[in-house]
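K.L.:
Sequence:
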Amino acid sequence: MPCCGQHSGNGSGAVDRRVGNENYIRPDEPCVLCAEKHLSTAYALAKENGYESINRHAIIGQLVAASWHLYADNSAIAGKIRDIRHLIQKRREAEVDWNTVLVEVDALASRETRDTSAAPSQTTP
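Per my numbering, the sequence shown starts with residue 295, numbered consecutively.
These aren't lab readings, by the way, just hints derived from the structure by calculation. Hints may be right or wrong, so weigh each one.
With beta-carbon atoms standing in for the labels, derived distance ranges [stated by the list, open to error]:
1. Gly-344 to Leu-396: 18 to 26 Å
2. Asp-322 to Gly-344: 32 to 40 Å
3. Ser-369 to Tyr-345: 28 to 36 Å
4. Arg-385 to Thr-407: 33 to 41 Å
5. Asp-409 to Arg-386: 34 to 42 Å
6. Lys-384 to Asp-409: 17 to 25 Å
7. Arg-408 to Ala-352: 28 to 36 Å
8. Val-397 to Arg-350: 28 to 36 Å
Here are the simulated lysine to aspartate or glutamate pairs, DMTMM-like style, with alpha carbons at most 25 Å apart [claimed, not checked]:
9. Lys-384 to Glu-406
10. Lys-331 to Glu-342
11. Lys-341 to Glu-387
Even glycine gets a Cβ: it sits at the ideal position worked out from N, Cα and C.
All chains should be modelled from the sequences, with the hints used to inform the complete structure.
P.N.:
Put into structure tokens, the structure is as follows:
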């Protein structure tokens, strides 16, 4: 199942990325769980002791993807993630406050999973 499972139209978990396909996942599609995945990856890469500079470009890319997934519905948190990216790009990693944004995204994801688990199941026979 790709990311949060909302994006695969056929239920198989396979994603067909041909241009014009209705199952194509846009990188800026609003999805809290996708944002959580990208932010968690960026954090893990940033905290890999001794590899901060080696991982910098991957961290930046993951932060961009996280903010894209949040911008439409949660622009304030997307802005905080952008601010983290700017600090990393300026080589000021020591100033990043990961905990605040991680807690905020975790709260969004928890709310999202509560909301979707309360909805009736849409399984196909």
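K.L.:
For every hint, state whether the structure bears it out.
P.N.:
Verification of the hints:
no. : hint                           : in the structure
1   : Gly-344 to Leu-396: 18 to 26 Å : holds, 22 Å
2   : Asp-322 to Gly-344: 32 to 40 Å : holds, 33 Å
3   : Ser-369 to Tyr-345: 28 to 36 Å : holds, 31 Å
4   : Arg-385 to Thr-407: 33 to 41 Å : holds, 36 Å
5   : Asp-409 to Arg-386: 34 to 42 Å : holds, 36 Å
6   : Lys-384 to Asp-409: 17 to 25 Å : violated, 37 Å
7   : Arg-408 to Ala-352: 28 to 36 Å : holds, 31 Å
8   : Val-397 to Arg-350: 28 to 36 Å : violated, 24 Å
9   : Lys-384 to Glu-406             : violated, 33 Å
10  : Lys-331 to Glu-342             : holds, 17 Å
11  : Lys-341 to Glu-387             : holds, 10 Å
Hints 6, 8, 9 from the list above are not met by this structure, while the remaining hints are.
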